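> Chains as they are written, first to last, in my numbering: chain E, 1 to 366; chain U, 1 to 366.
Hints were generated in silico from the structure; no laboratory data involved. This structure is a prediction, so every number in the text was calculated from the model and none was measured. Heads up, the beta-carbon is just placed ideally off N, CA and C, and yes, glycines get one too. Please note that a few of the clues may not be correct.
[As the list claims (entries may be wrong)] One side of the interface only, derived from the structure: several residues of chain E facing chain U at Cβ under 7 Å: (1) 13; (2) 196; (3) 262.
This is what each chain is made of:
Protein chains: 2
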Amino acid sequence: MTGLQDKTGDMSGPTVLSVDAMGGDLGPAVVVAGLDRAATKSPDLRFILHGSAAELEKLVARHKQLKQRCEIRDAAGVVRMEDKPSQVMRNGKNTSMWSALESVRNGEATVCVSCGNTGALMALSMVRLRKLPGVNRPAIAILWPSRSPSGFNVMLDVGADIRADAHDLLQYALMGTSYARNGMGIDHPRVGLLNVGTEEHKGRAELKEAHDLIGARAAEARFEFVGFVEGSDLPGDVADVIVTDGFTGNVALKTGEGTASLIRQHLKDAFNYSFLSRLASLLAVSSLKRLSKRIDPRRVNGGVFLGLNGTVVKSHGSADATGVAAALKLAEQLAQTGFTGKLAARVASTALQPQDATPVDEETDT
Amino acid sequence: MTGLQDKTGDMSGPTVLSVDAMGGDLGPAVVVAGLDRAATKSPDLRFILHGSAAELEKLVARHKQLKQRCEIRDAAGVVRMEDKPSQVMRNGKNTSMWSALESVRNGEATVCVSCGNTGALMALSMVRLRKLPGVNRPAIAILWPSRSPSGFNVMLDVGADIRADAHDLLQYALMGTSYARNGMGIDHPRVGLLNVGTEEHKGRAELKEAHDLIGARAAEARFEFVGFVEGSDLPGDVADVIVTDGFTGNVALKTGEGTASLIRQHLKDAFNYSFLSRLASLLAVSSLKRLSKRIDPRRVNGGVFLGLNGTVVKSHGSADATGVAAALKLAEQLAQTGFTGKLAARVASTALQPQDATPVDEETDT
């Protein structure tokens, strides 16, 4: 990987995304509709689309602009939501998911996007793309709507692995920093470690160890370590990157989603309560739309798999065209900043023993 | 403990609550104002109030009805929010918190209520009230606003202890069942175990073991075990009682609070955006009030310490009079149902080896 590639992105010419069209809850028509939206916004974007060729050709034909910008790869098999990752790893060679990862593996595309089964996608990604040198556990990072200036915080891991030791948490901090820098344009991210209190004596032993490990790397890796943060800081303005194990992160993510969904339901009920309240909601329609846009989960659709030889964006299984387009936009940005290469350089440095570690070339990750 | 006591509650005559008036963020005036509200609603309620007698006498004098129903116990010391639990255990004998627990310990009051430092309150409660026979780790249970018929789910532990093994989780399930039955009137609660997926093969080893232990006790302890649940089920309608370790529970609780708070802020901003939106918010005022009432965190103020010889209700540190009154109402209900005795009987049965366990007398916990 040369310095030039790192600065300009991995691809020259158009950005190519590899898209698994099957396996989402709403079927390939929604994926192709999302592709069309993304294509309209980004004239340089190209796609390799994986799935049933007969079905996909018909769908792509409906969108004029996609015809020239989409290459279809026939794959008969589909990974279902209920399939076990181990089965897919053994018998999944003919699936659209496998095929989509293959295009990243062989360098035809920079980033893979799928709405399919998360566990299977992570297992296949580990086997086909392989872990980056120095990475013990890959992680899934998501964007959490927050009070931070960018409007979002990065949280990882949200469920790639239920365990994480202190060294894994350090790697998550470095990977999250690289993601915040390249995916969100935050040059000097604030990094926090999720715990049950902000005092240094609190929490599990591996968290105290991780606290020291992460703190020691802050200056060299150019992030600000804010120490322990709490669940309430996930939507807060204390840290841009919040690091935790995949068990805690997954529970927190689903808790936040469930809470937002319950409040949306209450809001709807409140304005449907009577004739007068329905009238009021008509008058308040622009305020409510503004609110709804800010808390719309489709706007932040896309968990990113970090720590692999290639970047994979996992779109929500039930994503509609707006959601798919958001995931594609994220994938495009990561492709254009040359994220995979920068992340690789960043974590490679953690493979060294701390006492031997030499600063990574500053150029690599800016 | 006789059957009669169990059915009518531990107290004969008026219900007496022991209240720590100091240590909350807003000071004793707010606590006394909350007392006044609770007293208005429940003519049989009596209070033992702990704190600076000089200060409390002045405050109580302002509320006519409290004079005859409040006994003041002078305690010069105050546990501050930043005090370490270990210091309070060593040097806290003169504090209002210590004194408030003492009234439960010596049987003058049934339930203790405090707005103070949670860690110190739990540590003091463990030392002064002691753990129930058969309980390894006490837990803190909270009510989570949900889609369940009662409007709330019980979650425990939210932070009494960052660890919990399979047997602790079984005890949490039994304690949570008893709380749901006596605190919320749910005769046959649905119990779920928090995990990162609902499939039985997922999650940490201790969770699989707990899954089997809890399932085996469901029929005899008269709850329905719904198996693994996810973070999104905390505000859902899948389980009435959700069991987890104190680390995960604390992160989930604070994540939910933080998410709700961010959305409330967005809602406020949306309606303050322009002159027209402010006008609309005036017209929508009753809808917004209805919503605000449903998501008002003050309505569910009160973590309950379970697994001790005596019940302790921890009110939020920043609770206002409405919040304090809600915590007192919860304490009153638990006192009147004879909750402490029923819980003790319920968990005592887990101290037996599973193969020796005999069903607890059905009368004890209904």
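> Under 7 Å is the threshold here; is the Cβ of residue 262 of chain E close enough to any Cβ of chain U for the hint to stand?
Because about 4 Å separates residue 262 of chain E from the closest Cβ in chain U, which is inside the 7 Å limit, the hint holds.
> Quick check on residue 196 of chain E please, does its C-beta sit within 7 Å of some C-beta on chain U?
This interface hint holds because 4 Å falls under the 7 Å limit.
> Can residue 13 of chain E be said to touch chain U, with a Cβ gap under 7 Å?
Violated, because the Cβ-Cβ distance from residue 13 of chain E to chain U comes to roughly 41 Å (cut-off 7 Å).
Hint 1 alone, counting from the list given before, is not met by this structure.
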